[in-house]
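Heads up: the sequence lines are chains F and V, in that order. Once you know that position 135 of the first sequence is 135 in my numbering, the rest is easy, because the numbers rise by one and skip nothing. Once you know that position 83 of the second sequence is 257 in my numbering, the rest is easy, because the numbers rise by one and skip nothing.
No wet-lab data here; the hints were simulated from the structure. The beta-carbon is built from N, C-alpha and C at its ideal position, and this holds for glycine as well.
Residues on chain F that point at chain V, a partial pick, calculated with CB under 10 Å: (1) R35; (2) V36; (3) S37; (4) N44; (5) I45; (6) R47.
Only part of the chain V face toward chain F is listed, based on derived beta-carbon distances under 10 Å: (7) E203; (8) A205; (9) R210; (10) D279; (11) V280; (12) Q283; (13) A284.
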Amino acid sequence: MDTWKAFEANELTHSAAHHLVAIYDVGQDYGGWARVSDIARQLNITRGSVSINLRALKRRALVQTDDHRLVKLTDEGLRAARAVMAKRVLVVTFLSEVLGVPADQAEIDSCKIEHLVSDETGHRLAQFLRFVSSDGEAAELLGRFQRFRCRCPKSADCGLCKGRCLVDELKRAI
Amino acid sequence: MIAAHIRTAAPVTASLDDLIDDLNSLMAEEAEASLRYFQMRFRVRGRGRQEAEHFFEEALKETLDHANEVAAQIKALGRIPKLRVQLALEGSPIQAADALAEALDVEQQALTAYEDFLPRTAGHPELEAFIARQVATETEHVRELRRLLDATSNLTLLKRASSEGA
Numbered sequence: 001m002d003t004w005k006a007f008e009a010n011e012l013t014h015s016a017a018h019h020l021v022a023i024y025d026v027g028q029d030y031g032g033w034a035r036v037s038d039i040a041r042q043l044n045i046t047r048g049s050v051s052i053n054l055r056a057l058k059r060r061a062l063v064q065t066d067d068h069r070l071v072k073l074t075d076e077g078l079r080a081a082r083a084v085m086a087k088r089v090l091v092v093t094f095l096s097e098v099l100g101v102p103a104d105q106a107e108i109d110s111c112k113i114e115h116l117v118s119d120e121t122g123h124r125l126a127q128f129l130r131f132v133s134s135d136g137e138a139a140e141l142l143g144r145f146q147r148f149r150c151r152c153p154k155s156a157d158c159g160l161c162k163g164r165c166l167v168d169e170l171k172r173a174i
Numbered sequence: 175m176i177a178a179h180i181r182t183a184a185p186v187t188a189s190l191d192d193l194i195d196d197l198n199s200l201m202a203e204e205a206e207a208s209l210r211y212f213q214m215r216f217r218v219r220g221r222g223r224q225e226a227e228h229f230f231e232e233a234l235k236e237t238l239d240h241a242n243e244v245a246a247q248i249k250a251l252g253r254i255p256k257l258r259v260q261l262a263l264e265g266s267p268i269q270a271a272d273a274l275a276e277a278l279d280v281e282q283q284a285l286t287a288y289e290d291f292l293p294r295t296a297g298h299p300e301l302e303a304f305i306a307r308q309v310a311t312e313t314e315h316v317r318e319l320r321r322l323l324d325a326t327s328n329l330t331l332l333k334r335a336s337s338e339g340a
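Use the sequences and the hints to build the structure in full.
Listed below in structure tokens is the structure:
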């Protein structure tokens with residue numbers, strides 16, 4: 001399956017997602033309008049870079065500009081920004097509250113993947129989080145997982161690793 | 175609401191640290207533009223390519239000179255310039271008119287950055303004079319670039335019209 005090709009053709013790049021969210025954040029107090037200089041400050045990049053990146057977003061009708069060169073999300077841009085922000089919260093919550101990843105690491109990892117998670121996966125993730133927080137047995141299972149400390153069997157006998165120890169490979173990668 | 179975004183030209187007393195931060199940002203704008211123009215020369219295609227290549231050839235030197243001059247201002251204020259540039263430039267071909275339009279965006283942002291900074295230089299006459307000169311220079315650049323872009327776009331339109339008429 002050519003998943004990597006789909007990954008490269010992803011409709012929203014990491015940079016685009018960050019620009020949309022920055023425009024949303026900066027524009028909140030100004031009726032949605034944001035200055036390029038404030039977007040640049042928010043993203044810690046130059047105004048020149050922002051203006052070049054905005055050209056691509058404008059071509060895709062995700063942002064609009066006015067005569068003062070202020071920038072605003074279009075309805076489609078707003079939808080995309082909100083979807084990215086929602087997925088960020090879902091992924092952070094999943095990583096920190098379900099997997100027990102430290103909060104700052106959960107933020108970093110979420111930032112890397114928030115724009116790549118499909119709407120469908122985001123939806124299922126939301127359902128899963130609702131499930132573990134509302135169902136008593138699920139919450140108990142989650143508690144058991146969080147207390148669980150991995151004691152690996154021989155990798156040949158392991159239902160997860162099937163002959164090659166994934167935990168060892170992760171340790172070697174660090 | 176929108177008007178609140180537009181910074182007034184009233185002088186603002188800025189701390190030295192703030193001035194240096196702003197100067198480092200201006201230097202980054204110039205240095206980054208220089209790198210963009212350096213690479214853009216090799217991407218340009220289509221009508222007006224030669225003129226655009228010539229523009230980028232000159233612009234890359236000029237923006238680097240500007241970065242150098244901003245760095246000299248930082249040094250004159252007793253600090254060492256800090257340069258932070260994050261850039262990954264694609265190698266895809268680009269039509270001359272599109273390349274010049276991108277450059278116009280970059281130059282326009284540089285001009286606005288100098289204009290925004292000018293009121294904050296109050297109390298530093300040499301710096302103020304330098305930034306005022308930069309505003310004048312960048313204003314002229316934007317004007318020239320607009321003329322070049324218009325000429326290139328007209329060439330492209332003429333080409334399209336003649337090929338449609340054929």
